[in-house]
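Visitor: As you go down the protein sequences, you meet chains A and B in turn.
Sequential numbering of the first sequence, starting at 3, is according to this note's numbering.
Sequential numbering of the second sequence, starting at -1, is according to this note's numbering.
These aren't lab readings, by the way, just hints derived from the structure by calculation.
Since we're looking at a predicted model, the values are computed, not measured.
Positions of the beta carbon are idealized from the N, C-alpha and C atoms, including for glycine.
Treat the hints with caution; some may be incorrect.
[Claimed, not checked] Computed spacing ranges between beta-carbons, pair by pair:
(1) B:E13 <-> A:L43: 36 to 46 Å
(2) A:T22 <-> B:E15: 21 to 31 Å
(3) B:P6 <-> A:K73: 38 to 48 Å
(4) B:V48 <-> A:P85: 18 to 28 Å
(5) B:I5 <-> A:R111: 25 to 35 Å
(6) B:T79 <-> A:P63: 30 to 40 Å
(7) B:K49 <-> A:P63: 16 to 26 Å
(8) B:M92 <-> A:A4: 25 to 35 Å
(9) B:P6 <-> A:R46: 30 to 40 Å
(10) A:P63 <-> B:T75: 13 to 23 Å
(11) A:Q5 <-> B:V48: 40 to 50 Å
[What the hints assert, rightly or not] Far from chain A by the CB rule (all over 10 Å, computed), these chain B residues:
(12) Y20
(13) I74
(14) T75
(15) A88
(16) G103
[As the list claims (entries may be wrong)] Covered stretches of chain A (chain B as the covering partner; in silico rule of three or more C-beta atoms under 8 Å from a C-beta of chain B):
(17) 76 to 88
(18) 104 to 111
So the chains spell out like this:
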Amino acid sequence: EAQVTQNPRYLITVTGKKLTVTCSQNMNHEYMSWYRQDPGLGLRQIYYSMNVEVTDKGDVPEGYKVSRKEKRNFPLILESPSPNQTSLYFCASSFHRGSGEQFFGPGTRLTVL
Amino acid sequence: GQQVMQIPQYQHVQEGEDFTTYCNSSTTLSNIQWYKQRPGGHPVFLIQLVKSGEVKKQKRLTFQFGEAKKNSSLHITATQTTDVGTYFCAGRKMDSNYQLIWGAGTKLIIKP
């Protein structure tokens, strides 16, 4: 089954404790991205990757890191989480950046205390 | 920066009534996509509109892309409980980055 998976689905952590949210897709998509969703603000892009070893900042990259060492995986790293990073996070992938639908993962609800 | 404004933020309707959400961009878009997010779920792609003035239908859903490729609408006829969720538009910029700019979403609530 074609899908995007994220782990963990739910996470409660404390300020400053490094964490990684994993994302994996099995559709051989070139393009992957991370979004955060906050009430009233819609989806805001954090980082994106157009292919292996190619990543770039989205609209709200501060406090986040990503890597793309393999085509299928695109982890999101919070080196020192803060309460303002409490949010719902979605990973998404598409075949190519310039066209086509984005397939979203199930989401990761993160709470930073 | 470039924005896509989506209205209304919420719409309460009785089951069987129609529903419409509108998106307006400050600049011309390459194309626009629509997604639906069920409560507790993730966004799911509905459709992509590319041509100026394009109209597409999916059963009770009608999607339009304006002549100037700056605005778009989604209209649902005779809403059903299965239509509940938040509808997002996402416009793709015309420049080389092809970045998607998301509307804030319209939440459809069916009154009991």
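Visitor: All the hints need checking, so say for each whether the structure fits it.
Guide: Structure-based check of all given hints:
1. At about 29 Å, the beta-carbon gap between B:E13 and A:L43 misses the expected band of 36 to 46 Å.
2. With their beta carbons about 45 Å apart, A:T22 and B:E15 fall outside the hinted range of 21 to 31 Å.
3. Separated by about 40 Å at the C-beta atoms, B:P6 and A:K73 satisfy the suggested range of 38 to 48 Å.
4. Hint check: B:V48 to A:P85, Cβ distance near 41 Å, so the stated range 18 to 28 Å is violated.
5. About 27 Å separates the C-beta atoms of B:I5 and A:R111, a value consistent with the hinted range of 25 to 35 Å.
6. Range check, B:T79 to A:P63: Cβ separation about 39 Å, and the 30 to 40 Å hint holds.
7. Restraint check, B:K49 to A:P63: a C-beta distance of roughly 33 Å breaks the suggested window 16 to 26 Å.
8. Separated by about 30 Å at the C-beta atoms, B:M92 and A:A4 satisfy the suggested range of 25 to 35 Å.
9. In this structure the supplied range 30 to 40 Å is violated for B:P6 paired with A:R46, their Cβ-Cβ distance being about 20 Å.
10. One distance hint, 13 to 23 Å for the beta-carbon pair A:P63 and B:T75, is violated here, with the actual separation near 41 Å.
11. Taking the beta carbon of each, A:Q5 and B:V48 are about 26 Å apart, not inside 40 to 50 Å as hinted.
12. No Cβ of chain A approaches the Cβ of B:Y20 within 10 Å, the least distance being about 14 Å, so the stated non-interface status holds.
13. The beta carbon of B:I74 is kept farther than 10 Å from every beta carbon of chain A, the shortest such distance being approximately 19 Å.
14. Listed as outside the interface, B:T75 is consistent with that label: its C-beta sits roughly 24 Å from the nearest C-beta of chain A, beyond the 10 Å cut-off.
15. Here B:A88 does not stay apart from chain A, with its beta-carbon only about 8 Å from theirs, under the 10 Å limit.
16. B:G103, annotated as away from the interface, has a beta carbon of chain A within 10 Å; the closest lies near 5 Å.
17. Beta-carbon proximity to chain B at under 8 Å applies to 0 residues in the stretch 76 to 88 of chain A; the threshold of 3 is not reached and the given coverage is violated.
18. For the stretch 104 to 111 of chain A, the stated coverage by chain B holds: 6 residues have a C-beta nearer than 8 Å to a C-beta of that chain, and at least 3 were required.
Hints 1, 2, 4, 7, 9, 10, 11, 15, 16, 17, counting from the list given before, are not met by this structure.
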